[in-house]
Every structure is written in structure tokens, then in C-alpha cells.
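Asks: As a plain string of letters, each chain reads:
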Amino acid sequence: MTIADTEVLTGAPRARVNWTPYLLVVPTLAFLSVFFIYPMAQAISLAVTDPSTGALTWAHFRRMSSDLYFGQAVRFTLIITAIAIPLQVALGLAIALLVNTRFRGHTMFLYLTALPIGISDLAAGMIWLSILTERGYLNAALQRLGLIEQPVVFLTVERPEWLLAAIILTELWRATAIVMVILLAGLQLIPKDYAETAAVFGAGRWQTARHVILPLLRPSLQTALIIRTILAFQLFATVVTLAGRQIPVLAGETYFWYSLYRSPSVASAYAVLILLLSASITWIYLYVFAPKAGEVRL
Amino acid sequence: MRVRLVGMYGAALVIGTWVAAPLLLIALAAFTPRSILYEWPRPLWPHAFSLDTMLFFFRSTGVWASTLNSIVVAGLTIGLVFLIATPTGYALARYRFRGKDAVQLSILVVKMFPATVLSIPLAVAFIRWGLYDTLIGVALVHTALSIPFVTVIVTSVFVGISYELEEAAMTLGSSRLRAFLRVTLPMAVPGLAAAAIFTFVLSWNEVFAATILTLDHRTLPALIVDSVISAGAPLHFRFAGGFFMVMPAVVIILLIRRYLLTLWGVTVR
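The listed protein sequences derive, respectively, from chains A and B. Residue numbering for the first sequence follows the working numbering, starting at 1 and increasing by one per position. Residue numbering for the second sequence follows the working numbering, starting at 1 and increasing by one per position.
Everything labelled a hint here was simulated from the structure, so no lab data went into it. Quick caveat: nothing in here was measured; it's all calculated off a predicted structure. Positions of the beta carbon are idealized from the N, C-alpha and C atoms, including for glycine. Hints may be right or wrong, so weigh each one.
[As the list claims (entries may be wrong)] If you want the ones that stay clear, here's a sample from chain A, every Cβ over 12 Å from chain B, calculated:
(1) Y69
(2) A82
(3) P86
(4) L164
[As the list claims (entries may be wrong)] For the chain A half of the interface with chain B, some residues (derived, Cβ under 8 Å), not all of them:
(5) A59
(6) P116
(7) I131
(8) A185
(9) F233
(10) Y258
Pulled out of the complex, with its shape left as it was, chain B reads as follows:
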């Protein structure tokens, strides 16, 4: 018994270190002065810390503008995805209807769909529709990518809220919509917030579509990829950029922890 316990904690420690160490190292690199990053012998623990590397990143051309673009795109995506996916999530949670399995299956298929494939034809179409190199264009694609995830979270949120409460409100004379808005929705807020946060990360992290669909109005990942490919961005720019992109992720996982398994669990079998 004791041997097994030691083995279990040993394994957890090794795996935990494997996941955590690279995150700590990139944070360390981001606050190491540029001169030390290129030193040899390179000290493992820098003998000085500074904001030098991060400031270089923030002062590089386009970083602020593209960070702002990323935030706007994520905001638009969250708005759009809620408008589109909340009713569906509600329907899947509350109604039994013919074709429900087909709807759930198509959502699962979309979750697995290779999104790379969409970017090229959409770029061609967006040029025609006047959406190419616009933030709303990128947000539309990010919305399509996040619909399946938001739908499953929203469904599980509404399943978790007893229908009887909504019914009681209706018995007392409120309409179905009013019952939903006044009774169910307020209780769903924490779960919906988790969905919004996950959508933010999805949009914030998305590289390929944003790179293909923008030219001057880059999102942050698109700007970084572009500066790596066509300008050969220096290492300290890459480290600072990597650290800056990772930061939201760490906070976010803790905020959505209750829905982690819902997000990826098998919904249709």
C-alpha cells in the first residue's frame, strides 16, 4: 500500500513538473534582460531581472494595435456566439424533439472539423463580400469555431437548472420568455461566464484563420507569426510574445475548471 502511494505521488510530481517547468521558464525568460539571454555561459537563474525584454516587445511596431484587435475580435466573437448558440443550448436542454440527435451530431462533427480547410475559401469569399482584413470577418470565423463548445457548456448549464422553477413562474402568469429571462438566466450566469471565458481564449489563441484573413488589421497571433516568418523576429521578441500570449490561459483554466470535462467529453454516442 505504501509503495503504491509513493509511486502515485512520485508520478504526479514528475508529470506536474513536466507541465509546469516550461511555463516557469518562459516567465523567467520574459523578465530576463536581453543581454543575459544571449550570454554564454548562460546562467540558469538570471543575475538580474528587468522589464527590458517585455518593453521591447510592447514597443515593437503593431503590438499594441494587434493586441487591441485581438481583444475586439474576442469580444465580437463572444457576443455573436451567445446570440447564436444560447437558444440552441436551451433547446437541447429543455425540449425533446425529432432530429435532436442529428443536431447534436452535427455540432460534434463541427468540433472535429479541420478549421484550416475553411480559411482559404473564406478568404476568397471575404474579398468578394468586403470582409477581408476586417475584425468582424475574423470574429465570424472564430464564432463558427466556438459554437460547438459554447453549445455544450450552455446545454449542460441549463440541464443543471431545474425546469420546475421556470414552470412555477409560468404558472404564476409570466410568459415562457419572461420566465427564462427572469428565473433561469440569472442562475445560468456563472456557467455562461465560463463559456464566454473559454470563447475568449479560443479566439485569443487562434492563429491560422487570423493569419490568412488579415493583412493590415492583424490580431496578436497573426502579427507574431508574420513577424517570425517574414521578418525573422529576434528571440527576445518571441519569448516576450510567448509569455504574453500564455498569461490569460493560466487564469482562465482556473475560472472554467468546473466545465473542463463538459467541454471535451463525448456528447453523442
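So here's chain A without its partners, still in its complex pose:
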């Protein structure tokens, strides 16, 4: 990245601080503090204070955790995250590596596989609903192949594992694109000579990928994992369209406590829980993926 060093270019005296860049950055920082830092503090304060007396209380967290849906919401959110994200990373990496070979037609392939970036979780839910619903395309295809006579009800409370599979499939379809784009951006930063050098020294395709490309891709993998995991904790519309409240998730419960039970305090307790989970998972990723001493970084 080339940056024009204006302080040098304009010949301004070195000692004088140029205030222009600071003025230009102020609107963004001011806006972000009002819309990120203030609400974050507000969420914590709502979650731990009594709305009528203003006294500190754990009552909202107790009410949250004693709710029947709470345990399920935590469990399902974690299960979906734990299954969907490795799949997204594996498929995203495969697509990124494939695009990076620059085969004929790779740009068209890139744009096609990047399409879901512009598709909302809500729309993705509707799309897969049209496939998986009782009179959907999957049943139509199975019937055409002669495998079934009556439609199979895939999305039913009696088969929570199928509902989960449907949610994971939808998430895999929609969110792999983001992982792919992050990894591809990372791959393109790796100079071609590295792989060539490895080949000269007799490394095979797999060895090169495993010992040269993957370690250099670490920052991108880290970013992709953090972004995707934090987004997975906020999973809402996909679940609502495919499973209603039969598969409770954390963001869904936040919504229900706010809109259905009219309790901003318990909803805030859920928000704080999502925040804590996101912060700790980020810390874990940064810790686990921290480069070891002496390792080459790009």
C-alpha cells in the first residue's frame, strides 16, 4: 500500500502536527462510540439493574437461566456453530484454492460462488424452505425417482436433528461465501515464489499446501473463524423461517424476550451473554492461532 506522506510532501515543518487527518477521522469515531460503546454499556446496565428501583440485581440473569428455552438455546447455538463452521471453512478453502488456480472461467466461478454474500439469512431460509418443506423440491425429486410415495415431513418438531440439519445446510449454503472471499484475499497476498520454491525442493502438492500455504494463510483463517463464529452466535432469521421456536437459539430468545414478553432487561441479559461468548471465542482464536516465536509472517 502506498501512502502519500503529506507532511513530507507539502514540506510542512516536521515539528508541527498536522491536525487534518484527525479532523477527518473524528466523525467516524464519534458516531461509532454513540452507536457501539454507548449501547454496549447500556446493555450491561439494563441486564444488571432493577428497572423500577435502579438497584443492582442478578434477577434478570436468574430469570433468563431458569427459563425452559434457555438450556436448549445455548445447546443448539453451540451445536450449530460447532458443525457449521468447520464445514464452511473447509468448503470456503476448497473454493478459494480452486479459484486461485486461475483455471479458465475462474472469474465467473468466483462471482457465482460469491453471490450468497448479498443474500440475507431471511431470504436464504425461505429458499431452503422451498426445497425442504413437505411439498418442496426435495420431496418432488424423491417421488420422481420412485423412492417415496407420500411426502416425507422433514421439518417437524418430532425430528429436531432434521431441523438442525436443515439449518446447518442453509448456513453452509449462505455463509461459505464470506469465508471463501476472506481466504481468497489472503491467498492472493502470498507470493507465487513460495509455492514454486517448495516445488523446486521436491514438495508435493499436498505438502506445499499443508506446510507452506496454510501457515501463511493463518491471519485470514483467523479472521474468517472470528467473523463467522460471532455471526453464528447471532443466527436468527434462518432458524425462525425453518424451525420457528422449535429450535431455540440465543438471538431468537433475545427477540422473544423483547417482543413477546416485553422484558428489555432479560433480553439485555441474553445480549450480554452473546457479547461475552463472542469476546471469549475471539480471545481463544487469537490465543490458539497466535504465531509461535520465530515463525515467518507475511
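Let chain A serve as the given structure and place chain B on it in line with the hints.
Replies: Frame of chain A; chain B shown alone:
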């Protein structure tokens, strides 16, 4: 060599189909008459096409109004985000200053921040500030969410435009602001347009905050979520709604394709 090539194209074909097929199927569903959608045996290819399903969607209560709301919110968001993020993008591209890394890092953190967390406290605050259930309230939140993306695109756009041209204008007597407005800005228009389009999609697609922050003035996603949760909207409404929401995305990715990698690439390491 040949085996590898076949393998590569085979993989590309399979993955391409996996991405494209659901999009084609929802389009098919949206133009299938309602009666066929509920038939059994259900034909894979409908024996008739009609606008019946789409028209049902458009004639449902609130769909037009909320579509209009969505467009207004997206428009306000684009205006606000450019006002706020363009100067920052310019500063990051053109100046070297103490604290620059911190600014870039905070923008990256914001990009990763769980936005769900913001909606509840903001709803409480918006009631107090008189912004609850207003389009500008939703637009303010969407602005906060899109600032990081617009900042990175704008930065990369200005980095790509040579500073020497701006300098030349200044040597010829124009002020820094004038040089920016008359020389750099016109060249930045295509890139800025891409940023605007991405902001439109972000706002058009955003579900959670819009659902929490509105009651009567729903955006389209908020209306659809509400009609699914509290009214159990019929399947054909959902299919048509899904298709209608997806349509802009397809066009948009093609328009912003040059900035795809910039949007999500790692900016701070």
C-alpha cells in the same frame, strides 16, 4: 495433467450447481401458480407459470409500504455513511498519522461486533429519544453497521488514485479541498458507487435490528419476519418474499465484483 484438469472442472461444476440451484428453484417457486405449489405429486417443473404467487405477495397488507420503507432506510443509510466514512477513508489513504493503526483496528473490531447486542439497548434509548419506530432510527443503526465496509472500500479507492494529480492541482493554485472535489472525487465515483451499492444490500437485508426497532413502520425483512412469527404466513407468501428479497443481491454482486476481496480482506495484521 488431464486427470487434474477434469477433477478441477468437475469440482467447479458441482460447487457451482450447489450455489446456483437453490436460486433457480426459488425463482421457479415464485412464478409457479399457488395451486401447483400444494399439489401432490408435486411436479419438479410446473406445467404452468403465472404471476399469481408474486401478486399475492404484493397485494398482502403492508408489503408495498414496507418495501418503500426499506428503500428509504437504505437511501438514508447511504447518505449518512458517506458523510461520515468518506473523510475517514480519505485520511487513511492519504495521511500518515499517529494513532492510525488504532483507528484501523477499531474499524475492524466494529466489523466483527455482534450487532444483535446493540438492538435491545438502542430500542430502549430510541424510545427516550423519540427515534423508536422511525425510519431514521433504523437508518442510524444500519449506518453504524456499514461504516467499516464503506471505510475500507473508500480507503482502497483513494489509495488507487495517484496523489500526484491532486498535488498538481494544488500547485496550480487550487486549495486542498478544491483539488479533492475537482480532481480526485470524479475519479473515485465508480468505486464509491460500489460502496453505495454494497450499503444498499446491507441495509435491504438487515433483519434483527429492523425487527426490534420498528412496530408500525416495518422494513420489508421486518415485515416478513413478523408475518412468519406472529401470523404464520402461508408458504407461497414466503417463497415470493424470499425471491423478491434475493433479486437485488444477484445484480449487486456483479456490480461490486472488483471490491469483493477488499470488503472482507484482512486490513490490519
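Asks: A separate judgement is required for each hint: does it hold in the structure or not?
Replies: Hints versus structure:
1. For A/Y69, the condition that its CB be more than 12 Å from all CB atoms of chain B holds, with the nearest at approximately 15 Å.
2. Interface exclusion of A/A82 from chain B stands, the closest Cβ pair being 18 Å apart, more than 12 Å.
3. The Cβ of A/P86 lies farther than 12 Å from every Cβ of chain B, with a closest approach of about 17 Å, so its non-interface assignment holds.
4. The claim that A/L164 lies off the interface holds: its Cβ sits roughly 19 Å from the closest Cβ of chain B, which is beyond the 12 Å cut-off.
5. With 8 Å as the threshold, the beta carbon of A/A59 stays out of range of chain B, its nearest partner Cβ sitting at about 17 Å, so the hint is violated.
6. The criterion of a C-beta within 8 Å of any C-beta in chain B is met by A/P116, whose closest approach is roughly 7 Å, and the hint holds.
7. Restraint check, A/I131 versus chain B: the minimum CB separation of about 6 Å is within 8 Å; hint holds.
8. The interface hint given for A/A185 holds, since its Cβ lies 3 Å from the closest Cβ of chain B, which is under the 8 Å cut-off.
9. A distance limit of 8 Å between C-beta atoms decides the matter here; for A/F233 the minimum to chain B is near 6 Å, and the interface restraint holds.
10. Evaluation of the A/Y258 hint against chain B yields a held restraint, the C-beta minimum of about 6 Å falling below 8 Å.
In summary, the one numbered hint that this structure violates is 5.
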